[in-house]
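If you read the protein sequences in the order shown, they are chains U and D. Under our numbering, the letters of the first sequence match residues 1 to 305, in that order. Under our numbering, the letters of the second sequence match residues 1 to 305, in that order.
Since the hints were made in silico from the structure, they are not lab data. Don't take every hint at face value.
[As the list claims (entries may be wrong)] Here are a few chain D residues that face chain U, going by a calculated C-beta distance under 10 angstroms:
1) 24
2) 156
3) 189
4) 192
5) 230
[Said to hold, decoys possible] From chain U, some residues computed to sit far from chain D (all C-beta separations above 12 angstroms):
6) 219
7) 254
8) 280
The C-beta atom is built at its ideal place from N, Cα and C for all residues, glycine as well.
Number of protein chains: 2
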Amino acid sequence: MKDLLTVGTVAFDSIETPYGKAEMVIGGACTYASYAASYFTDRINLVSIVGDDFPQSEMEALEDKGVNLKGLEIKENAKSFFWAGKYHENMNKRDTLTTDLNVLDDFNPVLPEEYKSSKYVMLGNITPELQTQVLDQLDGTQRLIAMDTMNFWMDIAWDELMNVISRVDILTINDEEARQMSGEYSLVKAAYKIHELGPKFLVIKKGEHGALLFADDQIFYAPALPLSQVYDPTGAGDTFAGGFMGYLAKTDDVSFDNMKRAVIHGSAMASFCVEEFSIKRLKYLRDDEVVSRVRKFKQLTHFDL
Amino acid sequence: MKDLLTVGTVAFDSIETPYGKAEMVIGGACTYASYAASYFTDRINLVSIVGDDFPQSEMEALEDKGVNLKGLEIKENAKSFFWAGKYHENMNKRDTLTTDLNVLDDFNPVLPEEYKSSKYVMLGNITPELQTQVLDQLDGTQRLIAMDTMNFWMDIAWDELMNVISRVDILTINDEEARQMSGEYSLVKAAYKIHELGPKFLVIKKGEHGALLFADDQIFYAPALPLSQVYDPTGAGDTFAGGFMGYLAKTDDVSFDNMKRAVIHGSAMASFCVEEFSIKRLKYLRDDEVVSRVRKFKQLTHFDL
């Protein structure tokens, strides 16, 4: 088992879906990723920023899951990042209603000394500049660095984005973003072009349609688990990434076969995430629930020839 | 190996995709399904209607593949069914430009005596009334009857559609149609409701996102093979259905495990279909190409825990 560094937002969300509403609940990519990873490792080094409005109890809940909060800056007299969104019936689509950066405007990630040798790194979707700043502080002994990003940075910070992408091992983005980044509609061609930008591995997240892992000439397709009810897709992609990297940090094996297992574990965590609003489901899972959910993916996809 | 009855359109298509155009090429659900099935069985009983404009050479090509054309009515002084469509870059979406029913207006499927005991039946997407007419002519010894349909019949012939659905074993429709038919967004809930309408099995076709097989409490998810280039998605769903039913007719085994294999074989045939315009790719496949394509699906989805 190796340390996993998670960098990104810890925040409040207000969410509306066809199945209900949740106001000012816990959100943030780094929160979701850290909870998901916590089912595989208790050596998680979190880097983020919150205001003094962020509940102490929520920080303790993260610490109880083995998340090191030395890298969590708490800014006095400031508010935490806030996002509000509304989902359509097709929950692959959503409208952003509010984005209040608040403390995020002053985010200046500084890695505590003990974080710098983390072997596994998950850079959440923040500005490419801040992602670079994190990479610059690492000691160079990392085994695997993954990053997420979004179309917004492709539109306004292409060069900075290309710079950070050239320095990571895995890019985890959604299908629309992969198409925008590569200018290719075919995801196979998109993967080929994105490999050329630097990352050896590419994970394309397709929401209810699952996830694809690309490495050189190999492709792995993990479906999403068909569910009776999806209450809230917020954080599913971050949960996937956290489960994926948590599993890799636990097993410390970056072979393609183990990456496939990591994709399945990430998909299993994402399937839990969407069954409740916010982090409700992710907070209190039992290990046997995780194991049995992972097995469901095998039943779902395996066949004998 | 048992006989497979295929019923549906044999037609001309004009197709435009972002990668090219094809004018007045061979199309029709029954054509695609029969070609796909022909790689698994040479006992295919086709029922359809064409005008005297349909090329003799194309009929001979079907016969060469083991397709019995006794049930193909050739109407003098009439034109074959014609469909023209244009695909967007997202090839899961298309616009219909022209639909000339022509001979289809007079289609009155009459089963040759030798067809009536076909153990496997694939009812392509025609009016529910005609589908019923076919069912009424069967001798009642069928092992598995599958049908396709579309939103159009849900809109204008709901009662007739429900009647025919109650008489079949498998419904093969796309995700949008499953949602419309059931009034449920979740495909798990949709499957539950559709089972209650009659079919023991449901196949939901999701285009580039693969296909789902539902039976009671079991679900199987076959991805679509990620391809570098999709030239023409026309007929992919029909090709899937033909490969699926052809494999079942060949193996004569309707266990869930064998249905999973059938879904994979259908998916493999669909992956060939889209690699060329019209039936070009489906016409001249070698058996070893089919076998190796099927194996690719195993590499794509299997993992060890």
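Structure-based check of each hint:
Residue-level restraint check for residue 24 of chain D is violated (minimum Cβ-Cβ distance to chain U is 27 angstroms; threshold 10 angstroms). Evaluation of the residue 156 of chain D hint against chain U yields a violated restraint, the C-beta minimum of about 24 angstroms exceeding 10 angstroms. This hint holds: residue 189 of chain D has a C-beta 6 angstroms from the nearest C-beta of chain U, less than the 10 angstroms allowed. The closest approach between the C-beta of residue 192 of chain D and any C-beta of chain U is roughly 8 angstroms, which is under the 10 angstroms cut-off, so the hint is satisfied.
Nearest Cβ of chain U to the Cβ of residue 230 of chain D: about 7 angstroms, under the 10 angstroms cut. The hint holds. The beta carbon of residue 219 of chain U sits about 6 angstroms from the closest Cβ of chain D, which is not more than 12 angstroms, so the claim that it is off the interface is violated. With a least beta-carbon separation of about 15 angstroms from chain D, residue 254 of chain U lies farther than 12 angstroms from that chain, consistent with its non-interface assignment. Interface exclusion of residue 280 of chain U from chain D stands, the closest Cβ pair being 19 angstroms apart, more than 12 angstroms.
In terms of the numbered hints stated before, the structure departs from hints 1, 2 and 6, listed from lowest to highest.
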